[in-house]
Amino acid sequence: MSRFLSISILLLFVLYVSSESAGEEEFTEELLFRPLPDRKVLSHFHFESRAPPTNSYGHHHRLFPKAIYQLVHKYRIKQMELSFTQGRWNYDSWGGFDPIASSNAKPPGVELWAVFDVPPDQVDASWKNLTHTLSGLFCASINFLESSTAYSAPDWSFRSLSGNLRYGSLPREAVCTENLTPWLKLLPCRDKSGLSSLMNRPSIYSGFYHSQRLHLTSDEFDPVALNGIVLEQTLTIVLQPDSLETHPSFSGSRKLQPSWSMSSLFGKTVDGKCALAKSSNVYVQLEGSLVYNMKNTWNSIDSYEGDSNFGFTVSPDRMMKEINSVDKEGYSIIYGFSINNDHSSKPFDLGFWWKLPVTWSCVKAPLRVSRFLMGSGNEKGAIALSLQSTEWSQSLLKADNDGEKCNLRVDVFQLVPWYIKVYYHTTKIYVDGASQSLGDIIEKMSVSPSEDKVSPGVMEMILRLPCDMKSASLTLEFDKGFLHIDEYPPDANQGFDIPSAIISYPDFQTRLQYKLDTTSIKSPMVSKMQERRTILSYTEVLLVPLTTPDFSMPYNVITITCTVFALYFGSLLNALRRRVGEEERLRKSKDKSTGKLRLLLSKLSAKLRGKPWEPPSSTPPSSSSKFISTKVVIKIILIAAIAFGWQYYDG
Amino acid sequence: MEESSGKTTKKHPWFWSSAVASIVLRLVLIVYFPNTLNFSSRPEVSTPITSLRRLAEGYWLKQSSMSPYAGSMYHGSPLLLSILGPLTGDRGEGQSHLLCGLAFVIADFITAILIRAIGQLLQVADIQSLKSLGAKNFPAGDIAALVYLWNPLTIITCLGYSTSPIENLMIVLSLYGACRRLVPLAAFGLVMASHLSLYPVILIIPLVLLIGSGLDTPPRKLFLQPNHVDGYKKTNFSRRRVVLFFLWASVWALYVLVLCSISLKEYSGLGEMFKRTYGFILSVEDLSPNIGVLWYFFAEVFDFFRDFFLIVFHINILFMVLPLAIRLHHRPCFLAFVYVAISSILKSYPSVGDSALYLGLLGLFVNALADMQFSFFLFSGYLGTLLLSPVMHNLWIWRGTGNANFYFATAMAYACFQIILVVESVSSMLNHDRALKKGATPVAKKVQ
Chain H
5 MSRFLSISIL LLFVLYVSSE SAGEEEFTEE LLFRPLPDRK VLSHFHFESR APPTNSYGHH
65 HRLFPKAIYQ LVHKYRIKQM ELSFTQGRWN YDSWGGFDPI ASSNAKPPGV ELWAVFDVPP
125 DQVDASWKNL THTLSGLFCA SINFLESSTA YSAPDWSFRS LSGNLRYGSL PREAVCTENL
185 TPWLKLLPCR DKSGLSSLMN RPSIYSGFYH SQRLHLTSDE FDPVALNGIV LEQTLTIVLQ
245 PDSLETHPSF SGSRKLQPSW SMSSLFGKTV DGKCALAKSS NVYVQLEGSL VYNMKNTWNS
305 IDSYEGDSNF GFTVSPDRMM KEINSVDKEG YSIIYGFSIN NDHSSKPFDL GFWWKLPVTW
365 SCVKAPLRVS RFLMGSGNEK GAIALSLQST EWSQSLLKAD NDGEKCNLRV DVFQLVPWYI
425 KVYYHTTKIY VDGASQSLGD IIEKMSVSPS EDKVSPGVME MILRLPCDMK SASLTLEFDK
485 GFLHIDEYPP DANQGFDIPS AIISYPDFQT RLQYKLDTTS IKSPMVSKMQ ERRTILSYTE
545 VLLVPLTTPD FSMPYNVITI TCTVFALYFG SLLNALRRRV GEEERLRKSK DKSTGKLRLL
605 LSKLSAKLRG KPWEPPSSTP PSSSSKFIST KVVIKIILIA AIAFGWQYYD G
Chain B
630 MEESSGKTTK KHPWFWSSAV ASIVLRLVLI VYFPNTLNFS SRPEVSTPIT SLRRLAEGYW
690 LKQSSMSPYA GSMYHGSPLL LSILGPLTGD RGEGQSHLLC GLAFVIADFI TAILIRAIGQ
750 LLQVADIQSL KSLGAKNFPA GDIAALVYLW NPLTIITCLG YSTSPIENLM IVLSLYGACR
810 RLVPLAAFGL VMASHLSLYP VILIIPLVLL IGSGLDTPPR KLFLQPNHVD GYKKTNFSRR
870 RVVLFFLWAS VWALYVLVLC SISLKEYSGL GEMFKRTYGF ILSVEDLSPN IGVLWYFFAE
930 VFDFFRDFFL IVFHINILFM VLPLAIRLHH RPCFLAFVYV AISSILKSYP SVGDSALYLG
990 LLGLFVNALA DMQFSFFLFS GYLGTLLLSP VMHNLWIWRG TGNANFYFAT AMAYACFQII
1050 LVVESVSSML NHDRALKKGA TPVAKKVQ
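Residue numbers (the numbering used here), protein chains in the order written: chain H, 5 to 655; chain B, 630 to 1077.
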């Protein structure tokens, strides 16, 4: 049996090798390290699985995860991206212009968007099913995105994929290893071998930022399917290397950047590549400004391989230089290490050390964006979006088109939950502190206001900001809503989150073009970097405290309110019902005949006088006597009840 | 009659000077303290229905070619949007809502003048019965108009830029029209008032009574003694006028609906308008605090019972309509006052503007209600709750030291005081009628 199995596997392998040319399942694993200016290291894992189109390849896959394949087919997904993020990408010091920053810097919590290939009226249903499936697949509460108050359909400001796109995010979702494990299960080698074996949970989750992302593109449903399904899984981590082992050779005023190695960052090494991977590469990327600074400080290096400033423990297999750099002064360099053949030899442990201190800064996004709340109290407030120009963008724009009045296009997409009731007519824009009329700045604005308990408010905007401005801000006033007690989460006093706004700069495209030398093999990650993509950045998540009612009071409130209603109804009806005639008769009877004795006396006198006795007023005495008797009865019952109660509880 | 008219002419300069003074006070407050007196955000003043800020948002939505009812911001009438919307448009700093404020001042003034006219009519009708009692005859119209104008609640409502002065104007307009038996005017007022806030639709009963059988009189039974059969006011319920009233009301309603559908033509039909205005009122969707009792109730009540309590609370208003109409059918103006008061206690989004209206109308019956009980107690109660309510709101919302129960307690107390006011005024009006009856019997005999 086992022999047959092994033979069949061998057969399959042979088949696989022979059919390589005609559309093939592929899996590649890559890892990129990049030193960051603030003494941290960015590590970016990139796994890519490709499944050829079904109509040429069939339904059965060797490498491609079945769950994803079924997901794509069941909900007819064209494109989907799911990210789990913890921590906030520091756009100032980690950069905001490069491909990794604009595609892998994600808002905290869960973000999900998907484009469906279904008729427009079925998109919402597909979305709801998708959220539930993903929720089960990744052990996360993505199913909260099912409610129509949590997602929206951006028209044009988000990725310019209109129509069947749905976008939702859960800022509060905590991300942990339980979400990573199902994500790793989609890899053919899981974390048993290959680069993914580096993923030591404690070291990953002790980082400053980690974002685990899953991106799907499929053209399965196009008439001419070429690529099939491409599943791209990335894990971006920012780690602080232990800077204990400073290099002894240098003793200067400036501090040396920390050296690091795979084992110091992750506490693990790579034993070998994943056997199922087509290629398995590790890269170290040095940014343009870093290279420029190194050149500046030590003029000696021109035909360098970096040896005077830094060194690797493993000699790089290849080097790629950036061409057509955006940053005029420097060009980025990528060193490549392939671990294809390391299977038999010692474990692969890439180390990097600095020989000389160097400082540099990353290329920032055109504007530094931050969003904050204004106002105090729990009744109303305002959201402010502040855009500050970075020196870099100014120089770039001036260089681009001086002379004519230039402006910078900024797209804003903001989703606000319904309990933040935004007054869109109070939108105000200030440029350099001076209030501007909306027409001058806003080129296009589309708003779909929030509907209570039905849909969130969505604001999409195109701003045209003058290039020479220092700062601009946009404010929107809002009222805070009041929820039903069941709608508050268990920790109601913590506040509610407003998801990040997305700011994009369609005028700028990030693209790192590398001159590929002939020896280098095709790398999906590097080719991803070469794609043109719009620069995108996310703002902070806002935490809005909302007023809470008293959660322990429902019964009291119900009874007290009903009492007031009873008071109203009873007393008004009593006032209306009261008859004056009866009252007067009652009063007269009270005045005249206060007892039976009096009645008897009158009877007696009537008899004595010999006249037929007429009762002074026939009904009142009887009613009064009846009244007294009922009163007595009630008193007796009351006393008996009290006595009984006393006996029951005390005895 | 002679004496009273002399009195009123004597009172005229006094009335006019204080009325003008109240208007000047409003204008001064609006022009010079536009932002320091931030009444427009007070929950006591502006409700989701009447808030001018929401109206401005609806107008903005409409300007940017969206339905004004998109989102859950605006719940008012589309006509109001067309009239007041442009006035909110200029967004210069400081001058924001000056024109609107002016419109509300004018509405307040007209309301006061109409109340005064109603009061004078009522006084003429009442003079005989009052003489029979030998009671002092106050100029009720002047008093009511001044009470309305100088009532701090009215002033706050006017400064708080809520649309309730316009609703109040429509209600008073319909009453005035009915008192003067101007059938089209009465029908217009009723249709507009119920278009703006639904609740005035119950005023149809007092209006029909007013139009059919005239102004408030002592109960007819008094004059129908066996020896007084010639019918003092027996058969003057004119069916013709009532039919005319209904005809006019349907004409106006049709007209209003046509106007609304024209103004909402491009966005959504009348269906959405009804859903967003009347539906919003009836299904208490907005749970933001106000001086009523329903918001906290529906924030706390279990979802399962929500519909049941919605029905119960709204039926509570309707339940009382018929008994009151039977008992007070001879005093339609007073009946209208009671209806206005009841609906302003129990409506889903009450504001002090509604209280201002019924307190002003209360002044009309100053002669009849002269010996009302608990008036000082009620006055202090109103004062106390209205002073405590902002304090509690501040503690809860702004300082975060109090909680919702404190604010709700003041709302409860306010509701209780209002209920006591209504009950006491009804019972003292009934007592007044009894006193008239006692006094009228000898009068009738004397006439004979």
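Take these hints with a grain of salt, some might be off.
Straight-line alpha carbon distances no greater than 25 Å define the calculated BS3-like cross-link-like pairs of lysine-lysine that follow [as the list claims (entries may be wrong)]: (1) B:Lys904 to H:Lys592; (2) H:Lys457 to B:Lys1067; (3) B:Lys1066 to H:Lys592; (4) H:Lys519 to H:Lys532.
Hints in this document: simulated from the structure, not taken from any laboratory.
Against the structure, the hints:
{"no.": "1", "hint": "B:Lys904 to H:Lys592", "in the structure": "57 Å, violated"}
{"no.": "2", "hint": "H:Lys457 to B:Lys1067", "in the structure": "60 Å, violated"}
{"no.": "3", "hint": "B:Lys1066 to H:Lys592", "in the structure": "18 Å, holds"}
{"no.": "4", "hint": "H:Lys519 to H:Lys532", "in the structure": "14 Å, holds"}
Hints 1 and 2 from the earlier list are contradicted by this structure; the remaining hints agree with it.
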